Amino acid sequence: MSRFAAAFAKSHPALVTFVTAGDGDTAAILDALVAGGADVIELGMPFTDPMADGPAIQAANLRSFAAGTTTADILAIAAAFRARHPDIALVLMGYANPMTVRGADWFAAVCKDAGVDGVICVDIPFEEDDSLGPALRAAGVDQIRLATPTTDAARLPAVLDGAGGFLYYVSVAGITGLQQAAQASIEDAVARLRTQTDLPIAVGFGVRTPDQAAQIARVADGVVVGSALVELVAQHGAGAPRHIETFTRSLAAAIHGAKEIAA
Amino acid sequence: MSTQPNSYRSQPDERGHFGIFGGRFVAETLMPLVLDLEREYRAAQNDPAFAAEFDDLLTHYVGRPSPLYYAERLTEELRKDAPAGKGAQIWFKRDELNHTGAHKINNCIGQILLARRMGKTRIIAETGAGQHGVATATVCARFGLPCVIYMGARDMERQQPNVFRMKLLGAEVIGVESGARTLKDAMNEALRDWVANVHDTFYIIGTAAGPHPYPELVRDFQSVIGKEARAQLLERTGRLPDLLVAAIGGGSNAIGLFHPFLDDPSVQMLGVEAAGHGLDKEHAASLAGGAPGILHGNRTYLLQDEDGQIDEAHSISAGLDYPGIGPEHAWLRDVGRVDYTSATDKEALDAFQLLCRTEGIIPALEPAHAIAAVAKVALEMDRDAIIVANLCGRGDKDIFTVAEALGTQI
Numbered sequence: 001m002s003r004f005a006a007a008f009a010k011s012h013p014a015l016v017t018f019v020t021a022g023d024g025d026t027a028a029i030l031d032a033l034v035a036g037g038a039d040v041i042e043l044g045m046p047f048t049d050p051m052a053d054g055p056a057i058q059a060a061n062l063r064s065f066a067a068g069t070t071t072a073d074i075l076a077i078a079a080a081f082r083a084r085h086p087d088i089a090l091v092l093m094g095y096a097n098p099m100t101v102r103g104a105d106w107f108a109a110v111c112k113d114a115g116v117d118g119v120i121c122v123d124i125p126f127e128e129d130d131s132l133g134p135a136l137r138a139a140g141v142d143q144i145r146l147a148t149p150t151t152d153a154a155r156l157p158a159v160l161d162g163a164g165g166f167l168y169y170v171s172v173a174g175i176t177g178l179q180q181a182a183q184a185s186i187e188d189a190v191a192r193l194r195t196q197t198d199l200p201i202a203v204g205f206g207v208r209t210p211d212q213a214a215q216i217a218r219v220a221d222g223v224v225v226g227s228a229l230v231e232l233v234a235q236h237g238a239g240a241p242r243h244i245e246t247f248t249r250s251l252a253a254a255i256h257g258a259k260e261i262a263a
Numbered sequence: 001m002s003t004q005p006n007s008y009r010s011q012p013d014e015r016g017h018f019g020i021f022g023g024r025f026v027a028e029t030l031m032p033l034v035l036d037l038e039r040e041y042r043a044a045q046n047d048p049a050f051a052a053e054f055d056d057l058l059t060h061y062v063g064r065p066s067p068l069y070y071a072e073r074l075t076e077e078l079r080k081d082a083p084a085g086k087g088a089q090i091w092f093k094r095d096e097l098n099h100t101g102a103h104k105i106n107n108c109i110g111q112i113l114l115a116r117r118m119g120k121t122r123i124i125a126e127t128g129a130g131q132h133g134v135a136t137a138t139v140c141a142r143f144g145l146p147c148v149i150y151m152g153a154r155d156m157e158r159q160q161p162n163v164f165r166m167k168l169l170g171a172e173v174i175g176v177e178s179g180a181r182t183l184k185d186a187m188n189e190a191l192r193d194w195v196a197n198v199h200d201t202f203y204i205i206g207t208a209a210g211p212h213p214y215p216e217l218v219r220d221f222q223s224v225i226g227k228e229a230r231a232q233l234l235e236r237t238g239r240l241p242d243l244l245v246a247a248i249g250g251g252s253n254a255i256g257l258f259h260p261f262l263d264d265p266s267v268q269m270l271g272v273e274a275a276g277h278g279l280d281k282e283h284a285a286s287l288a289g290g291a292p293g294i295l296h297g298n299r300t301y302l303l304q305d306e307d308g309q310i311d312e313a314h315s316i317s318a319g320l321d322y323p324g325i326g327p328e329h330a331w332l333r334d335v336g337r338v339d340y341t342s343a344t345d346k347e348a349l350d351a352f353q354l355l356c357r358t359e360g361i362i363p364a365l366e367p368a369h370a371i372a373a374v375a376k377v378a379l380e381m382d383r384d385a386i387i388v389a390n391l392c393g394r395g396d397k398d399i400f401t402v403a404e405a406l407g408t409q410i
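Top line first, the protein sequences correspond to chains A and B.
Under the numbering used here, think of the first position of the first sequence as 1, with each following residue one higher.
Under the numbering used here, think of the first position of the second sequence as 1, with each following residue one higher.
Chain A on its own, in the form it takes in the complex (with noise of 0.2 Å):
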């Protein structure tokens, strides 16, 4: 069984955490992010220029170009985070150009070699699914898609089409961090992705609170929490794994359990 599918297997919906690669003791945050209950990792790669991003995400990035990270760093993170814990899913999430300046192929070989199992590549929509996704698939890497509030019925089979692990549905049409979407239409969306896959569906984009993953959780098969995280590291510097670990567990506890409160 894949990590992925161990991760979304349990009998409770999964927490999958971000933080970016670089933003303070990397290693430490991993192991805390683990001891606090984080089902699956997402590793950040900073990127120059994350357009994707609010401005917790785009500081962290900044912090990690500071502490002078490399691509070659977070390959090394990546690969000691799974010599460390050999079933937790990790991700690589980041832009198409730290990707892909090498080749798609060496992107695709080192990301296998680190351990990596899945990648998620914000700028790459499927139309080009070529500049990445058969040298991922290739390798046996799953390239996780995101479906977002404007992929419509149309859209959606061939977003799906070559995508593995989870499907990562952006609750809101913006930027990480920032907005948070309706929980009923957070539920209308969800019902309407899983008549199409049998993927595992993880909810990001705008979560910051158990309260919030709690009721997220009763409807999906994940929560992804990212940009609340990354303020802890910006606040607490090298203090902030005892502090994500804390955070870690109350959102593990919310998301853990929320299907048996609803129940």
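Since the hints were derived computationally from the structure, they do not count as laboratory data.
As the structure is a computational prediction, the values presented were derived from the model and not from experiment.
Don't be surprised by glycine CBs; every beta carbon is placed ideally from N, CA and C.
It is possible that part of the hints are untrue.
[To be verified] To give a feel for the contact side, a few chain B residues facing chain A, derived at Cβ under 7 Å:
| # | residue |
| --- | --- |
| 1 | Gly23 |
| 2 | Glu28 |
| 3 | Leu191 |
[To be verified] Label pairs and their calculated CB-CB ranges:
| # | chain 1 | residue 1 | chain 2 | residue 2 | range |
| --- | --- | --- | --- | --- | --- |
| 4 | B | Arg357 | A | Ala66 | 40 to 48 Å |
| 5 | A | Asp152 | B | Gly278 | 47 to 55 Å |
| 6 | A | Ala83 | B | Asp280 | 41 to 49 Å |
| 7 | A | Lys259 | B | Phe143 | 46 to 54 Å |
| 8 | A | Ala9 | B | Ser7 | 55 to 63 Å |
| 9 | B | Asp396 | A | Gly237 | 47 to 55 Å |
| 10 | B | Gly119 | A | Ala28 | 46 to 54 Å |
| 11 | B | Arg42 | A | Gln179 | 29 to 37 Å |
| 12 | A | Asp152 | B | Phe143 | 26 to 34 Å |
| 13 | A | Ala234 | B | Lys227 | 48 to 56 Å |
Given the structure of chain A, go ahead and fit chain B onto it with the hints provided.
Using the frame of chain A, we list chain B on its own:
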């Protein structure tokens, strides 16, 4: 060469690719909107009423056609340093005489007509030098649509007259503090606005770059420059030019001049990038110093490091201060149809002053780069050869920058 296409004017393909360049590298949220825009543009292309309204506005609002002017004194001045029999005739396409003082308005007229067709009620744009921002604010005032302009905070400092113009025209100007606080960062912020407001907002991109169909439609709207120049020169001299020259940031004025001539084999073309402090130092010459990559919706040449992180560009000209270039130029360079060179800040400043003194025309710093290249190549060409350079903007906005560079207090 067997790999040469039958026509250089049939790009892009149906996926918006110019060879390996171009494309639609945007977030899924934006993709349906980008497809809507393409559908609407195809419909507009087949609608005589759209062309009629565009032409009418260009004639009566923008003031087209712009003149084609033989710069006799500049030609004579340059001939003083030329070998015997050398020193080409220099002609200028006077797009600085357009309403708002630059070529940018041509494209803004076209795009706001598309925005209206699509029922969009809010306009956003990015701007570097402020010329595109002013042109966008102008058409928004003309059509009564609210307008938000994103501009790098550093560019706002060096282009204050244009910031004030935009405000007078009713636009909200939002300073962007991220990155180097220039055009690239303004474009990131405009894209963030767009993705959050897809339902009602139209993004008027100012250069021939971004996701398909922007590079194509910006080129088409700007091609009025080359179409006019071609007809005007034929009428005046009975012949085609030997060389076209234009400055390149994203490349909209250059592609507008070049495109109608691409299938005229006798016409050579030269795009001029900004070499800033020099190609071995900080500059904005993506073709000379960059490599193919993906940014802002398209694959093109980018200034970047080995990890694909985008480098900061530098040019004295805020309008050329961008680490990328339109994808059609990337393709035209790789297939060898157009030559590209560069001019430094200093060469552009020299050319700026040369044109002021010889022709009584204060050019913008962007076309000053083209004039710098003209001043070099004219010396190597026969006296009966004709160069047409695009004078794509006037220099009023730049006098403070130039004064500072020359060490003059205003």
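For each hint, the structure was consulted:
| no. | hint | in the structure |
| --- | --- | --- |
| 1 | Gly23 | holds (5 Å) |
| 2 | Glu28 | holds (5 Å) |
| 3 | Leu191 | holds (4 Å) |
| 4 | B:Arg357 x A:Ala66: 40 to 48 Å | holds (47 Å) |
| 5 | A:Asp152 x B:Gly278: 47 to 55 Å | holds (50 Å) |
| 6 | A:Ala83 x B:Asp280: 41 to 49 Å | holds (43 Å) |
| 7 | A:Lys259 x B:Phe143: 46 to 54 Å | holds (52 Å) |
| 8 | A:Ala9 x B:Ser7: 55 to 63 Å | holds (56 Å) |
| 9 | B:Asp396 x A:Gly237: 47 to 55 Å | holds (48 Å) |
| 10 | B:Gly119 x A:Ala28: 46 to 54 Å | holds (51 Å) |
| 11 | B:Arg42 x A:Gln179: 29 to 37 Å | holds (33 Å) |
| 12 | A:Asp152 x B:Phe143: 26 to 34 Å | holds (29 Å) |
| 13 | A:Ala234 x B:Lys227: 48 to 56 Å | holds (53 Å) |
Going through the hint list in order, the structure satisfies each hint without exception.
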